[in-house]
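Trainee: Listed below are the residues making up each chain.
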Amino acid sequence: MTLSRQQIAVTIMLCLVAIAAGATKMDAPAVDTAFDARIRKLEGELRCLVCQNQTLADSNAELAGDLRREVRALASSGKTDDEIKAYLVARYGDFVLYNPPVKMTTWLLWGGPFALLVCGGLLWVSIGSRRGRSVAVTSPDVDAQIRARARLEGNDAA
Amino acid sequence: MKAARWSIPLAIFVVLLAFLWVGLGRDPREVPSPLIGKPAPAFALTRLHDPAATMSNADLKGKVWLLNVWASWCVSCRVEHPVLMQLAASKAVPVYGLDYKDQPDAGRAWLAQNGNPYAASLLDLDGRVGIDYGVYGVPETFVIDKQGVIRYKQIGPLTDEALQKTILPLVRELEK
Numbered sequence: 000m001t002l003s004r005q006q007i008a009v010t011i012m013l014c015l016v017a018i019a020a021g022a023t024k025m026d027a028p029a030v031d032t033a034f035d036a037r038i039r040k041l042e043g044e045l046r047c048l049v050c051q052n053q054t055l056a057d058s059n060a061e062l063a064g065d066l067r068r069e070v071r072a073l074a075s076s077g078k079t080d081d082e083i084k085a086y087l088v089a090r091y092g093d094f095v096l097y098n099p100p101v102k103m104t105t106w107l108l109w110g111g112p113f114a115l116l117v118c119g120g121l122l123w124v125s126i127g128s129r130r131g132r133s134v135a136v137t138s139p140d141v142d143a144q145i146r147a148r149a150r151l152e153g154n155d156a157a
Numbered sequence: 000m001k002a003a004r005w006s007i008p009l010a011i012f013v014v015l016l017a018f019l020w021v022g023l024g025r026d027p028r029e030v031p032s033p034l035i036g037k038p039a040p041a042f043a044l045t046r047l048h049d050p051a052a053t054m055s056n057a058d059l060k061g062k063v064w065l066l067n068v069w070a071s072w073c074v075s076c077r078v079e080h081p082v083l084m085q086l087a088a089s090k091a092v093p094v095y096g097l098d099y100k101d102q103p104d105a106g107r108a109w110l111a112q113n114g115n116p117y118a119a120s121l122l123d124l125d126g127r128v129g130i131d132y133g134v135y136g137v138p139e140t141f142v143i144d145k146q147g148v149i150r151y152k153q154i155g156p157l158t159d160e161a162l163q164k165t166i167l168p169l170v171r172e173l174e175k
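If you're matching them up, the sequences are chains A and B in order. Per numbering that gives the first Met the number 0: the first sequence = residues 0 to 157. Per numbering that gives the first Met the number 0: the second sequence = residues 0 to 175.
Hint data in this document are derived by calculation from the structure and do not stem from the laboratory. A portion of the hints provided could be inaccurate.
Just some of the chain A residues that point at chain B, by a computed CB distance under 10 Å [stated by the list, open to error]: (1) G43; (2) C47; (3) L48; (4) K84; (5) V88; (6) Y91; (7) D93; (8) G120; (9) V124.
Just so we're clear, the structure is a prediction, and the values are computed from it rather than from any experiment. Glycine included, C-beta positions come from ideal geometry on N, C-alpha and C.
With the rest of the complex left out, here is chain A (with noise of 0.2 Å):
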């Protein structure tokens, strides 16, 4: 069977449609407690390992479905957030933690851009008071420019 152009743009279309109908399908519908609340808070700081860049609360993913469904039924066993995030931290790492913990192997990311602030600062401390020094030098140029300046204007009103 041979399809024309037009029965294949036609089912593109179609496909488009049935993808952005998935898209927008909601998990559950959206109850506002203080227990959805804090789930929504939870979700929001957890990654989703799928699509690395999108929370579990993002996440269209069958897998971040499943570890919210997982998060919901820890939290209602009574399960504090610590404990839920250990729970998660324990089979995918610390790397499900939006906000990772400081220790050894993260010293360079919390650590690393308070250094390099202290080192802008020193680098703008430095340049300045060499820049201060040189405009010292060269006041002189400056006086002569204005007295030059003046002269021309002088001019300009005679």
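The hints should help you fit chain B onto chain A, whose structure is shown.
Mentor: Frame of chain A; chain B shown alone:
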């Protein structure tokens, strides 16, 4: 002071280069498993080809074995399948399958069509055991030693290279 003029940017450049060299060489999809060196999580699951029987990881104590996570819906599993078939034929190490979130009928049909490299396949219908093993991208393969400790995890399809260079030498080492 003249030397510092170019040596500081050069130093920054070299450090940046080192970070990029290491960082870009890594696969961001490969999340190191915290389970390496830890006892394999316990399971007791129904066998794919014998739904009346269950099997647990305790049954495999004293053996070095591979746990290969697969599914009939998994596209990359087709890529690694010939490698698994070869491994099974060589009888170097028994491979057990974890049929992850699959329809049992579809799983059986898939193996009937493509060949069955597994000593046994176990059904993880709701993916709970997968979560216990930190599975996030099928296929994955675990090397488990005689004491039931996970020694290695391959994320993504098994390749001939990974088998020859990493997994089989490790298995030989663990069997000593």
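Trainee: State for each hint whether it applies.
Mentor: Evaluation of the provided hints:
The closest approach between the C-beta of A/G43 and any C-beta of chain B is roughly 19 Å, which is over the 10 Å cut-off, so the hint fails. The beta carbon of A/C47 comes within 9 Å of a beta carbon in chain B, closer than 10 Å, and the hint placing it at the interface holds. The criterion of a C-beta within 10 Å of any C-beta in chain B is met by A/L48, whose closest approach is roughly 4 Å, and the hint holds. Because the beta carbon of A/K84 sits about 13 Å from the nearest beta carbon in chain B, more than 10 Å, this interface hint is broken.
Taking 10 Å as the C-beta cut-off, the interface hint given for A/V88 holds, the closest approach to chain B being about 7 Å. At its closest, the beta carbon of A/Y91 sits 5 Å from a beta carbon of chain B; the interface hint therefore holds under the 10 Å criterion. Below 10 Å, beta-carbon pairs count as interface contacts, and A/D93 has one with chain B at about 8 Å; its hint therefore holds. A distance limit of 10 Å between C-beta atoms decides the matter here; for A/G120 the minimum to chain B is near 15 Å, and the interface restraint is violated.
Taking 10 Å as the C-beta contact cut-off toward chain B, the hint placing A/V124 at the interface is violated, the least distance being around 15 Å.
Violated hints, listed in ascending order, are 1, 4, 8, 9; each of the other numbered hints is respected by the structure.
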